[in-house]
Amino acid sequence: MARFRYTAVGPDGRAMAGEIEAPDPAAAAADFGTRGVMLQSLDRLKEDGTGLLSSPPSPRAITRFLGELALMLRSGLPLDEALALSAEGQPARLGRIVLGVRREVLGGASFVQALERHPEVFTRDVVAMARIADATGDLAGVFAAVAAQRERNHRLAEKVTGSLRYPAFLVVSAVGVLVFFLVNVIPNFSGLFADSGSDPGALVRFVLALSDGLIANETNLEAGLAGLLLLGFLAWRTASVRRALFAGFLRLPGIRNIWGLWRTSRFLSNLSVLLGQGVPLTEALKVLEDAVGADGRAMLATVGDAVRRGGRLHEALAQVKLLPPVATRMVRIGEETGELSKVAGEAGGLYAVQLEKRLDALSAVIGPTAIVFIAGLIGGLMVTIMSALVSVNQAVL
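Under the numbering used here, the first residue of the sequence shown carries the number 13, and numbering increases by one thereafter.
A couple of the hints might just be wrong.
Heads up, simulated DSS-like pairs for lysine-lysine below, C-alpha to C-alpha not over 27 angstroms straight-line [as the list claims (entries may be wrong)]: (1) 354 <-> 171; (2) 171 <-> 333; (3) 333 <-> 298; (4) 369 <-> 354.
The set of hints was computed from the structure by calculation and includes no laboratory data.
Between the sequences and the hints, there should be enough to build the whole structure, so can you do that?
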């Protein structure tokens with residue numbers, strides 16, 4: 013997305029000025045045309061920190077901004093002043109975007125229109141809530157609810173990643189210890205086996221050959237590892253690559269169930285917030301497509317189509333099996349009692365508790381298992397080497 017500075021005349025004849033993000037000038041001009049705005053000038057702005065090495069504002073930073081904006085609006089500040097103050101202290105790129113939103117609002121655009129021009133920062137749920145806030149006049153209350161729900165999502169995500177980070181650290185440590193053992197310890201024994209002239213066994217021969225190969229190709233391996241790390245870093249910054257890796261990760265044993273609990277909790281909790289703030293169900297379902305992952309997006313789109321045709325939400329969810337049966341039954345109860353927002357929020361909280369318990373149990377099992385595996389691997393190699401040495405000594409004697 014490129015940034016452009018524009019001047020224009022609105023449908024009411026008022027002069028407008030500000031900044032907009034669009035793929036190219038034609039797309040920017042088309043955006044103005046659909047809103048009945050007469051474009052006068054459009055200049056591309058130089059972007060700071062673009063490209064593969066640039067980083068979009070973090071979700072945490074965006075959540076913090078939304079919370080601060082809600083607080084300032086509640087204190088009685090006008091929107092333009094609240095935007096100006098909340099831009100201070102933000103990461104550089106986010107601060108520039110917030111100030112750009114302020115300029116667009118002052119230039120005649122609505123707040124919702126200004127947010128829609130920055131989809132990489134303000135996701136569909138934020139824009140949908142802002143649209144409802146525009147209609148109800150409670151921008152502070154709506155954004156406070158959005159910030160609170162996003163904060164709960166962040167804490168849950170950190171719980172998930174934190175539980176998986178320790179096993180990943182153990183695996184990396186095991187590989188590091190094994191490489192150190194092969195490069196620095198095994199070579200001390202290779203000369204003894206060579207001098208003895210006896211056969212140490214197939215397993216020991218394999219370990220010695222692996223050690224010799226690592227030492228002989230050390231420079232090439234280091235260069236290859238550095239290249240892979242760089243390639244992985246650049247690839248990770250591509251959304252399609254991240255989605256593909258995430259889809260593969262979800263197929264790992266035990267991870268699928270955790271993802272199912274996380275997706276259910278996020279879907280129900282976010283649905284509760286959206287409905288509670290007055291977002292229509294059909295629009296809420298469209299917004300929530302971003303919260304269910306690539307594997308659930310098509311299913312939720314099918315659910316949305318069924319609801320728009322007059323179907324019941326719980327029936328559509330049961331048809332595509334997006335949620336566990338218990339969660340679907342709770343949605344049915346919410347629909348039948350007319351309290352879908354309340355019931356969905358309570359159900360989302362229950363699934364969040366289940367997820368935390370599952371993660372605690374997984375961490376309690378994986379940690380000791382990984383330690384035993386590492387100890388067994390290194391210990392087994394040492395026992396094999398020492399047994400071969402004893403056999404060589406006995407043969408010599």
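Of the hints stated earlier, which fail here?
-> none
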